[in-house]
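Chains as they are written, first to last, in this note's numbering: chain A, 1 to 320; chain B, 1 to 285.
Quick caveat, the hints were computed from the structure, so don't treat them as lab data.
Every value quoted in this text rests on a predicted model; they were computed, and no experiment measured them.
Ideal Cβ placement from N, Cα and C applies to all residues, glycine included.
It is possible that some hints are incorrect.
Here are the simulated SDA-like pairs of lysine to any residue, each with C-alpha atoms no more than 25 Å apart in a straight line [stated by the list, open to error]:
1. K141(A) / S24(B)
2. K210(A) / D241(B)
3. K165(B) / Q114(A)
4. K210(A) / N242(B)
5. K23(B) / D218(A)
6. K214(B) / A160(A)
7. K189(B) / L90(A)
8. K216(A) / M26(B)
9. K125(B) / H164(A)
10. K255(B) / E197(A)
11. K23(B) / E224(A)
12. K255(B) / P196(A)
13. K141(A) / L57(B)
14. K214(B) / N234(A)
15. K88(B) / S158(A)
16. K149(A) / L57(B)
17. K214(B) / N206(A)
18. K149(A) / G168(B)
19. K189(B) / D88(A)
20. K255(B) / H207(A)
21. K153(B) / F38(A)
22. K88(B) / E173(A)
23. K141(A) / K23(B)
24. K255(B) / F213(A)
25. K216(A) / S24(B)
Have a look at the derived ranges for each label pair, beta carbon to beta carbon [to be verified]:
26. S186(B) / Q35(A): 21 to 27 Å
27. E52(A) / E32(B): 51 to 57 Å
28. Q60(B) / D32(A): 50 to 56 Å
29. K189(B) / G104(A): 39 to 45 Å
30. G254(A) / E32(B): 50 to 56 Å
31. G38(B) / E197(A): 49 to 55 Å
32. R304(A) / L228(B): 34 to 40 Å
33. E102(A) / D109(B): 50 to 56 Å
34. Q305(A) / E92(B): 36 to 42 Å
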Amino acid sequence: MNKILVPLNSLESLFPLLDAGADEFYIGFYDDDWQEEFGKYSEVNRMSGFRERANKLNFGELLQVVRCIKEQNRDVFITFNGATYSNDELQKIENYFEKLSESGADGVIISVPQLADIAIKYNLEPVASTMCAIYNSDLVKFYGDLGVKRMILPRDLSIAEIEHIVSNNSQIEYEVFLMRNGCQFSDSYCLGFHRPECGSMCGMLNHAPKQIFSTKSDFETQHEVELNEMLYSNVFHHFAACGLCALYRFVKMGITAYKIVGRAENFNGIVEDIGLIKENINIALKCKTEGEFLNAMKMIPASRQACKLGMGCYYPEIRF
Amino acid sequence: MKDEFKKENCVSFCEVLHALSAKSSMDNILSEACIFAGYNSIERIYIGSNFCSQYFLSCQSETLSQLALLCQKKNIKITLCIPIISEKNLLEAKGLIEKLYLSFNNLIDETTVNDYAMAIYIARKYPDQKINLGRLFQKDTRDIRYPEYFSDKIVPSTLAYDFHKLVGITINSVEFDPTNSTIDLSGLKCVPAIYTPYCFATVGNICEYASIGKQFNEKFRPNADCTLNCQRNVIRYFYNDNTQYLKVGRAVFFKNLDWTITGVGQYREIFEPFDVFSNMEGGYE
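Please put together the full structure from these sequences, using the hints given.
And the structure:
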């Protein structure tokens, strides 16, 4: 419980991240063979479009890093969270799973239910990615019935919904998002490319020229609608997202792991985040009430900007 | 090329029924939809939502009853579309599904689901309902900003999945978006349904429109209760001279008029009358 799950992009990062307090790691990789076989637009994982910028390790290097992590007695999960896979791609992934199993990897983060069976076949723990869109308890049961015992909940669920899902299905281990990139849309159903050529869909929409059409043309309505749009495009999740204020609730819920996203993010920022989470978990464990925790907790360095109106929060309802 | 196929003409009133009914009578709406779509007649309509729990829960109005009566009179069949229901609305949504089946008598003869769990729920609780796999099952990348990819032929990876093995039910129809210029559906074992002219690109549980009029510190919350501002507002985005996006409710779409399908002999075309918004008042840029 209360583990900190962090992205790892190089062997050099391993020991500094362990020193900072990382408990578990997740790693993506790139593979030139995959691109050659399935084309440059095919994605083995969600960040494949950014190639080595997001996933610095090729598959061979990844296997070495997995072995090093296991020597440190830490858990490591490999991401296979492309939006979808063809039959040929699923077959190729099975080949990866076989080698990952031999290297000692603990599990794989999967985006489609078809991969659960294959992972289990190779003694890898299947972890349902946020790409599985587990928005309710029935979907928890569906994936649970496939043998998935650990699930990452979408970052666009409210705290109350997370609490309800967790209490209804307490036999499952849950991961929640805690730090760095916020998202305006669903991870699972944002189906435009995330590639460097054109950037993300939300970034494009936020900056595109636009027209707002409304059934009412009076000043008050137009003002409300236009102001709302300005805040949505320019302020909402403009800064790195943060969910630290929710830690007291998560600790009480018994959340298994807190996920720091950002495989392509700067290393020092991730180290800072780990320290902050660790410190705040310890504070939460000592506090008797949420109010006490919110008074005692450590805020992010950019708090004076990022915390305004809850626009940078994963879980704004805690304070706002 | 599309006309060479045996085609069933359908219209989806998902996401926009309240907006349409505020403008005109149901009879006129059906007639106008036919004209917009270029259909001589409509064989089936889709109601409900593919994207939004809140909109789905609003589907219990007098408007819907009027629409049902009209469909009965004109011998038009109805498909109920169910989005992925967020946790806080799950019980209420199941109650509404029951109510809709009962109140529409046998007019709703099939249901489109957008997630595995709902597919299982409907199949077990309502074994007479035919089940369609909704557009959220098709997760192939679609991105008109990449002409090389967009103009390529796509084989939807939905076709690779053995749904009968996964959820143990027989699928009546599979719904697709016009993601690329050509969609190869060879090997599909049931009738495909293609949405037109808009292709869904992205969606989330956080609704921009639901926040209109809310206090600053209550805006942009996941699956927030709302007053259906999505029926009164729409945003059009201009990517370049040729490409526009439209945000309808929680989802963003781009227009693709020139899609073609291959590999099947018949299909359903589901027309989405989103252009109803185009004669609203425009302004801010």
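We went through each hint and held it up to the structure:
For the proposed pair K141(A) and S24(B), the alpha carbon gap of about 43 Å is over 25 Å, so the pair is violated. Straight-line distance between C-alpha atoms of K210(A) and D241(B) comes to about 12 Å, which keeps the hinted pair within the 25 Å bound. In summary, the hint linking K165(B) to Q114(A) is supported, as the alpha carbons are separated by about 10 Å, within the 25 Å threshold. Between K210(A) and N242(B) the alpha-carbon distance is near 14 Å, which keeps this suggested pair within the 25 Å criterion.
The straight-line distance between the Cα atoms of K23(B) and D218(A) is roughly 18 Å, inside the 25 Å bound, and the hint therefore holds. About 20 Å separates the Cα atoms of K214(B) and A160(A), which keeps this hinted pair within 25 Å; it holds. Taking the CA atoms of K189(B) and L90(A), the gap is near 21 Å; set against the 25 Å cutoff, the hint holds. With a CA separation close to 22 Å, the supplied pair K216(A) and M26(B) stays within the 25 Å bound.
Under the criterion of a C-alpha separation no larger than 25 Å, the hint pairing K125(B) with H164(A) is consistent with the structure, at around 23 Å. A threshold of 25 Å between alpha carbons decides the hint, and for K255(B) with E197(A) the separation of about 21 Å falls inside it, so the pair holds. For the given pair, K23(B) sits about 23 Å from E224(A) by alpha-carbon distance, which is consistent with the 25 Å threshold. Of the supplied pair hints, the one linking K255(B) and P196(A) holds, its CA atoms being roughly 23 Å apart against a limit of 25 Å.
Distance check on the hinted pair: K141(A) and L57(B) sit about 23 Å apart at the alpha-carbon level, within 25 Å; holds. With a CA separation close to 17 Å, the supplied pair K214(B) and N234(A) stays within the 25 Å bound. As the CA atoms of K88(B) and S158(A) are separated by approximately 9 Å, the hinted pair is consistent with the 25 Å bound. Between the alpha carbons of K149(A) and L57(B) the distance comes to roughly 31 Å, so the proposed pair goes past 25 Å and is violated.
As the CA atoms of K214(B) and N206(A) are separated by approximately 20 Å, the hinted pair is consistent with the 25 Å bound. With a C-alpha separation of about 21 Å, the suggested pairing of K149(A) with G168(B) holds against the 25 Å cut-off. Only pairs whose Cα atoms come within 25 Å are accepted, and K189(B) paired with D88(A) is accepted, the gap being roughly 19 Å. Of the pairs offered as hints, the one joining K255(B) and H207(A) holds, with about 19 Å between alpha carbons and a cut-off of 25 Å not exceeded.
Of the supplied pair hints, the one linking K153(B) and F38(A) holds, its CA atoms being roughly 14 Å apart against a limit of 25 Å. For a cut-off of 25 Å, the pair hint linking K88(B) to E173(A) stands: about 20 Å separates their Cα positions. The straight-line distance between the Cα atoms of K141(A) and K23(B) is roughly 43 Å, outside the 25 Å bound, and the hint therefore fails. Restraint check: the Cα-Cα separation between K255(B) and F213(A) comes to about 17 Å, which is no more than 25 Å; the hinted pair holds.
With a CA separation close to 17 Å, the supplied pair K216(A) and S24(B) stays within the 25 Å bound. Distance hint check for S186(B) and Q35(A): the Cβ-Cβ separation is about 25 Å, which falls inside the suggested range of 21 to 27 Å. For the hinted restraint 51 to 57 Å between E52(A) and E32(B), the CB-CB distance of approximately 52 Å keeps it satisfied. In this structure the supplied range 50 to 56 Å holds for Q60(B) paired with D32(A), their Cβ-Cβ distance being about 54 Å.
In this structure the hint that K189(B) and G104(A) lie 39 to 45 Å apart at CB holds, the actual value being about 41 Å. Taking the beta carbon of each, G254(A) and E32(B) are about 54 Å apart, inside 50 to 56 Å as hinted. With their beta carbons about 35 Å apart, G38(B) and E197(A) fall outside the hinted range of 49 to 55 Å. Take R304(A) and L228(B): their Cβ atoms lie about 37 Å apart, and the range 34 to 40 Å holds.
Separation of E102(A) from D109(B) is about 52 Å and conforms to the stated range, judged on CB atoms against 50 to 56 Å. For Q305(A) paired with E92(B), a C-beta distance near 38 Å keeps the hint of 36 to 42 Å intact.
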